[in-house]
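4 protein chains.
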Amino acid sequence: MTRQISGVLPIAHTPFLEDNSIDFESLRRQVDWGFEVGAEGFCTGMVSELLRLTYDERVSLTNALGEMVGDRGVFIAGVGAESTKQAIQYAQHAEKAGAAAVMAIPPLATRTPPGAVRDYFTELAENVNLPVIVQDASGYVGQPIPLEVSVGLLRRFGKDKIFFKPEATPIGPNLSALRDATDGEARIFDGSGGICLVDCARRGVAGTMPGMEFLPAVVALWKALQRKDEAAIYRLSFPICALVSLQLQAGLDGFLAIEKYVLHRNGLFKTDVRRQPYAWSLDPETRSELDRLLVKLDEAVESVKTSASS
Amino acid sequence: MTRQISGVLPIAHTPFLEDNSIDFESLRRQVDWGFEVGAEGFCTGMVSELLRLTYDERVSLTNALGEMVGDRGVFIAGVGAESTKQAIQYAQHAEKAGAAAVMAIPPLATRTPPGAVRDYFTELAENVNLPVIVQDASGYVGQPIPLEVSVGLLRRFGKDKIFFKPEATPIGPNLSALRDATDGEARIFDGSGGICLVDCARRGVAGTMPGMEFLPAVVALWKALQRKDEAAIYRLSFPICALVSLQLQAGLDGFLAIEKYVLHRNGLFKTDVRRQPYAWSLDPETRSELDRLLVKLDEAVESVKTSASS
Amino acid sequence: MTRQISGVLPIAHTPFLEDNSIDFESLRRQVDWGFEVGAEGFCTGMVSELLRLTYDERVSLTNALGEMVGDRGVFIAGVGAESTKQAIQYAQHAEKAGAAAVMAIPPLATRTPPGAVRDYFTELAENVNLPVIVQDASGYVGQPIPLEVSVGLLRRFGKDKIFFKPEATPIGPNLSALRDATDGEARIFDGSGGICLVDCARRGVAGTMPGMEFLPAVVALWKALQRKDEAAIYRLSFPICALVSLQLQAGLDGFLAIEKYVLHRNGLFKTDVRRQPYAWSLDPETRSELDRLLVKLDEAVESVKTSASS
Amino acid sequence: MTRQISGVLPIAHTPFLEDNSIDFESLRRQVDWGFEVGAEGFCTGMVSELLRLTYDERVSLTNALGEMVGDRGVFIAGVGAESTKQAIQYAQHAEKAGAAAVMAIPPLATRTPPGAVRDYFTELAENVNLPVIVQDASGYVGQPIPLEVSVGLLRRFGKDKIFFKPEATPIGPNLSALRDATDGEARIFDGSGGICLVDCARRGVAGTMPGMEFLPAVVALWKALQRKDEAAIYRLSFPICALVSLQLQAGLDGFLAIEKYVLHRNGLFKTDVRRQPYAWSLDPETRSELDRLLVKLDEAVESVKTSASS
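Protein chains in written order, with numbering that gives the first Met the number 0: chain C, 0 to 309; chain R, 0 to 309; chain X, 0 to 309; chain A, 0 to 309.
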């Protein structure tokens, strides 16, 4: 890969039509808008509703994103699965579809011992010609990946093959532990949705993989962090933090409900349809608070733009 | 369907060759042996390693079992999935493959509220022309299904469309609660692997869905229960109980490790390969105890046969 | 009680000397400072390290707080326990010590069915002459309390005897569900530490029970909410939200580590000793980010004061 | 201690009068009967309802058992608690009450990291002049104790100070791992209630700590295991296994409900009162199956006695 995997790499959401099929037109609108706004590429992951797609849909989504991203940035495909064989199948398909890397969580239904987790990632890494991002999503789903497994994978395959997205709570201290145990070699991505981005960025991350719903603010925050603009950092991170707190409470479906609401309201998605069954829907009072917070977020983005350009 | 869904309906295990592909020859041997031994049909489920198969393999397995079972009994396909759309896709395919019923657990990765669980089963029932077996596997995986959801489904679709396989612990009392809340209408299957079969049978079940590994003993126990042969009941259930206790401790992978070991040792399966990653492997001391218990189980089956024929 | 139970009612933390005994001098300093800053009273709860105190210490703490609070406000004692008998013992002692109310979570070690939870609170309410605050702490510990149990308790004992502190996630929608199911009669307290206070206050709460560590900001936020000063509301709630996010990640011990750090740094507590074993300690990088956020919080409090007085 | 800690060391249950106070008369009857039947001593633990006793009751129970056991055997006090200080307090009291050892689980409400678990047991061991039994009850409550923590404690304090009761599932393989990692030095006790006793005994245990309810059968099984009487081993273990399976399904309260039922029916306990709230009560159908199994258990004990004496 010549193209660098870094910066703001949002997780694409999967738009659906009213008949519950993937809305590829909205998908393209999302990708175009993402690049306009400053994304360096796109990923698929839990908030792409990957687990709820049929096999054919997952394949189509990967193909479509590979093509839509094209030369504009990198595409990173989520390939985590219940078995190594499934994960390899997804990864090899992603490679053909033009992905720059694959990202995987361990199986969800089984709590596997450290050796089995290591073997899962080892086989995956050996069977795909792309970097593998080892994702610990245990903050909201699945089991934590032991530090020694992460370190062992890096030692075996090298820092250009194995990257990390640690989301076990507390994220910051876990990130530092991984950084220090690998003498700073580990290439780490933030996956907190933005709520820990400031803390994680100060500890050292190569990029962040937020959802799409607050993308302009996350891009602005990322830039503020790069130029160490402390005032802008908190001006932007505070409303992001409040918004993600609201999502976080309802788990994965809290994120999905709010992202679909926002992308539909923004006109990027034709509908806010989510794949059923889900655990949570937006109630009117949460929506009202969300609307108020989104106004604050826009104000923050505007004010930082103004002061940056002045 | 004219054929009755009842009696001993084991869950088929999925044999693999050393190259990790499905071994259809061993699969057929398993099915033939099952019918010889007294099975009334075959199911697929968690112990078929369904979650760890690729999509293509899952489709092939369903097609193969539909064909192999043929007219000899009923075939019940496990179709539980992470989304309603996936479950319906699996169910409609199973229908084409000749299944007599489908069986589904709710999604595993999301803890969905009662209304969403109800809608999931409702949509599934409406989109397939087969009975739906509502499976609560929360004793070892996933979330419990609230009693009112089960009762509501039966009331809406009728007792010939909605069956139940309750495995929430404690199984017996939950089974009685479901039986009583439906005035005895609910058609209920035991899925305890045999460890609670005596208790469940006394409470009233239409059949049992054990693994294959102790099938002759489970068939003998089922017959003893039908003819109320109290001595034979405990002669058989005691070693089954000890064996399942041993499996149960290591969760789903405890069952898988032991079933593959037994079926390979019996010559039905060419290998004892399981799909990786898994949580547990058989250690030598557990295997030795297992071997001793299997001898006791065979003795029990023999002694009951002898006394029944004398 | 003639004194109203409402407003900002912080949970007192338990200061320890280096020898691990309770530091009553620091405790008094905390209480005095709390009233100066605007507290309407004090509670004890999980963040008082109640579970980790010996029985004698728990009794002493209750006695001391009853005396220290005196006529300056209300004292609400946490009395949740593993059995009804224990909870009643704690509650009757609290009554003697001058408490205005007691607050209880259900047992932690046992997942009890709805009927048993109802009986637990019923017996508690019948055996103490004080209002009982039904606390659902399932957002971070223990099991959720079913809505029908909460409603049933209110119907049976009336709105002046049974209050609520719902902390099951998502807090806001659960709070509204309880409010609506009781036709607005339920007297509800926010226990989110401040992270959901804005959303909860808009849904209608009688008060909030934060920790002590950000008390001046929470008091200022509460006042801003009362006077509907939208600018001040977000000026204050944003840094609170960022701070609580940081704590929340490490669970109960995240709160304890940061509160002890802050109260020791503020000079209120002689030490930052916590009762062992605990799950988490403050690492240097988290502490640095915490320090930066505390500066932002102070600025927010100051700016709101200035604009309010101007 | 000159007296050996080994053999069958049942956990005493706490009998209550109808007014919910401890029934010391029944307690003494239980102890007397236990020694008659072949116990080598008594323990207190989870099935003593320790967590649900008030502090005064817990102290009284320890005093009473110390006195009642006297010179007839050893008394081992359960001292696990939510903080190290509490555990030390219980342990020092147990020492005064004549205990021969103390047994502790880690805190239940907090999931503590390995270092904190190690420190908890280290401080406990340093503050009591008795052997400490490190109990991992994670099979039904609390968190597992990492193997390296167990090994480290043994290495530091020696095999006469640190013993083990591993109940993490699967028990057998975990027991062997501990045995092998300590080169066979670890003194290990079975705490499976009897369901894994055969497997555990073959792997090497110093004793077993069952409940009281099937004590004569467990003593007979222990003796059969000592004399390697294979026929008697399974004759006895099979009905025990079936009975414990029945209890196990309803967790800790499954054990408590059945033990109190049996001890009351046997005339040892005046009532079957348990301390509330609890998760489960014996339903009529489970009780009927229990009664049938108890007959089978008695037959097994009788038949082994007869064949042993013939």
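One or more of the hints may lead you astray.
It does not matter which identical chain is meant; a pair holds if it fits inside one copy or across any two.
Said to hold, decoys possible - In silico DSS-like links for lysine-lysine, alpha-carbon gap of 27 Å or less:
#1 Lys158 with Lys84
#2 Lys95 with Lys222
#3 Lys84 with Lys269
#4 Lys158 with Lys295
#5 Lys222 with Lys295
#6 Lys295 with Lys227
#7 Lys158 with Lys269
#8 Lys160 with Lys304
#9 Lys222 with Lys158
#10 Lys227 with Lys269
#11 Lys95 with Lys160
#12 Lys269 with Lys295
#13 Lys304 with Lys84
Honestly, the hints are just simulated from the structure, not real lab data.
Comparing the hints with the structure gives:
Taking the shortest alpha-carbon separations for Lys158 and Lys84, only the intra-copy value of 24 Å comes in at or below 27 Å, while the best inter-copy value is 39 Å. Proximity of Lys95 to Lys222 under the C-alpha cut-off of 27 Å is found in neither arrangement, the shortest distances being 32 Å within a copy and 55 Å between copies. Taking the shortest Cα distances, Lys84 and Lys269 sit within 27 Å of each other only across copies (20 Å), while inside one copy they are farther apart (35 Å). Neither within a single protomer nor between protomers do Lys158 and Lys295 lie at most 27 Å apart by alpha-carbon distance, with minima of 40 Å and 37 Å respectively.
Taking the shortest Cα distances, Lys222 and Lys295 sit within 27 Å of each other both inside one copy (19 Å) and across copies (20 Å). For the identical chains of this complex, Lys295 and Lys227 are neighbours both inside a copy (22 Å) and across copies (16 Å), given an alpha-carbon limit of 27 Å. Taking the shortest alpha-carbon separations for Lys158 and Lys269, neither the intra-copy value of 41 Å nor the inter-copy value of 41 Å comes in at or below 27 Å. Within a single copy, Lys160 and Lys304 get their C-alpha atoms no closer than 37 Å, and across copies no closer than 53 Å, so neither meets the 27 Å cut-off.
For the homomeric pair Lys222 and Lys158, the shortest alpha-carbon distance inside one copy (25 Å) is at most 27 Å, but the shortest distance between copies (52 Å) is not. In this assembly of identical chains, the alpha carbons of Lys227 and Lys269 never lie at most 27 Å apart, being 38 Å within a copy and 36 Å across copies at closest. With identical chains, the CA atoms of Lys95 and Lys160 are at most 27 Å apart within one copy only, with a shortest distance of 18 Å there and 44 Å across copies. For the homomeric pair Lys269 and Lys295, the shortest alpha-carbon distance inside one copy (25 Å) is at most 27 Å, but the shortest distance between copies (40 Å) is not.
Neither within a single protomer nor between protomers do Lys304 and Lys84 lie at most 27 Å apart by alpha-carbon distance, with minima of 47 Å and 44 Å respectively.
Hints 2, 4, 7, 8, 10 and 13, counting from the list given before, are not met by this structure.
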